[in-house]
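*Asks:* Sequence:
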Amino acid sequence: MHIGRISTQPVESCTAECSALELADRMRHAHVGDIVVIEYRDGEAVPIGLVTDRDLVIEVMARGDDPADVTAGQIMSRGLVVVSDTDEIGVALEEMRRSGIRRLPVVDDAGRLVGIVTLDDIVEHLAGLLGGVAEVGKLQQIEEQRFRA
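For what it's worth, my numbering labels the leading residue of the sequence shown as 1231, then goes sequentially.
Keep in mind that a hint or two might mislead.
To be verified - Computed spacing ranges between beta-carbons, pair by pair:
#1 Val1311 x Asp1255: 24 to 32 angstroms
#2 Leu1356 x Asp1272: 34 to 42 angstroms
#3 Asp1350 x Arg1328: 30 to 38 angstroms
#4 Ala1298 x Arg1235: 17 to 25 angstroms
#5 Ala1357 x His1232: 42 to 50 angstroms
#6 His1259 x Met1231: 17 to 25 angstroms
#7 Pro1297 x His1232: 23 to 31 angstroms
#8 Thr1238 x Gly1320: 17 to 25 angstroms
#9 Thr1238 x Arg1328: 15 to 23 angstroms
Quick caveat, the hints were computed from the structure, so don't treat them as lab data. Note that the structure is predicted; figures quoted are calculated from it, not measured. Don't be surprised by glycine CBs; every beta carbon is placed ideally from N, CA and C.
Build out the structure end to end from the sequences listed, making use of the hints.
*Replies:* Have a look at this one:
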């Protein structure tokens, strides 16, 4: 299955100029733990970084910095790893494992931000598939019992 089918859309995003205070407020209101940092290229949102709630705590709060004076561009992760919306789930899992991350922005063929996928999204999807397989086994047992009765 393609990652685009299980990714979260729309994505919470902001530009690099967004303050840490605004980031925290947006995370709180959207009930998310990350914001994708974007820049506009030819009017299209292209991901350039990611800020997590943990980044806010470690890079701003723990240092005693004023969150109104710190920008997303200063604390965002660099060397952003992304996946294509047409990549298979296994590709995303391998990128997460290789990079030691739990979240991946999802882009289309033109590099535009179209979603975000988390390890939890993938686990939830796989658990649903496994639950379906378990259900087939139960139904098979019931059918066999009925046939042999």
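*Asks:* State for each hint whether it applies.
*Replies:* Now the hints, each set against the structure:
no.: 1; hint: Val1311 x Asp1255: 24 to 32 angstroms; verdict: 26 angstroms, holds
no.: 2; hint: Leu1356 x Asp1272: 34 to 42 angstroms; verdict: 37 angstroms, holds
no.: 3; hint: Asp1350 x Arg1328: 30 to 38 angstroms; verdict: 18 angstroms, violated
no.: 4; hint: Ala1298 x Arg1235: 17 to 25 angstroms; verdict: 39 angstroms, violated
no.: 5; hint: Ala1357 x His1232: 42 to 50 angstroms; verdict: 18 angstroms, violated
no.: 6; hint: His1259 x Met1231: 17 to 25 angstroms; verdict: 31 angstroms, violated
no.: 7; hint: Pro1297 x His1232: 23 to 31 angstroms; verdict: 37 angstroms, violated
no.: 8; hint: Thr1238 x Gly1320: 17 to 25 angstroms; verdict: 19 angstroms, holds
no.: 9; hint: Thr1238 x Arg1328: 15 to 23 angstroms; verdict: 22 angstroms, holds
When the structure is compared with the earlier hints, violations turn up for hints 3, 4, 5, 6 and 7 and for no others.
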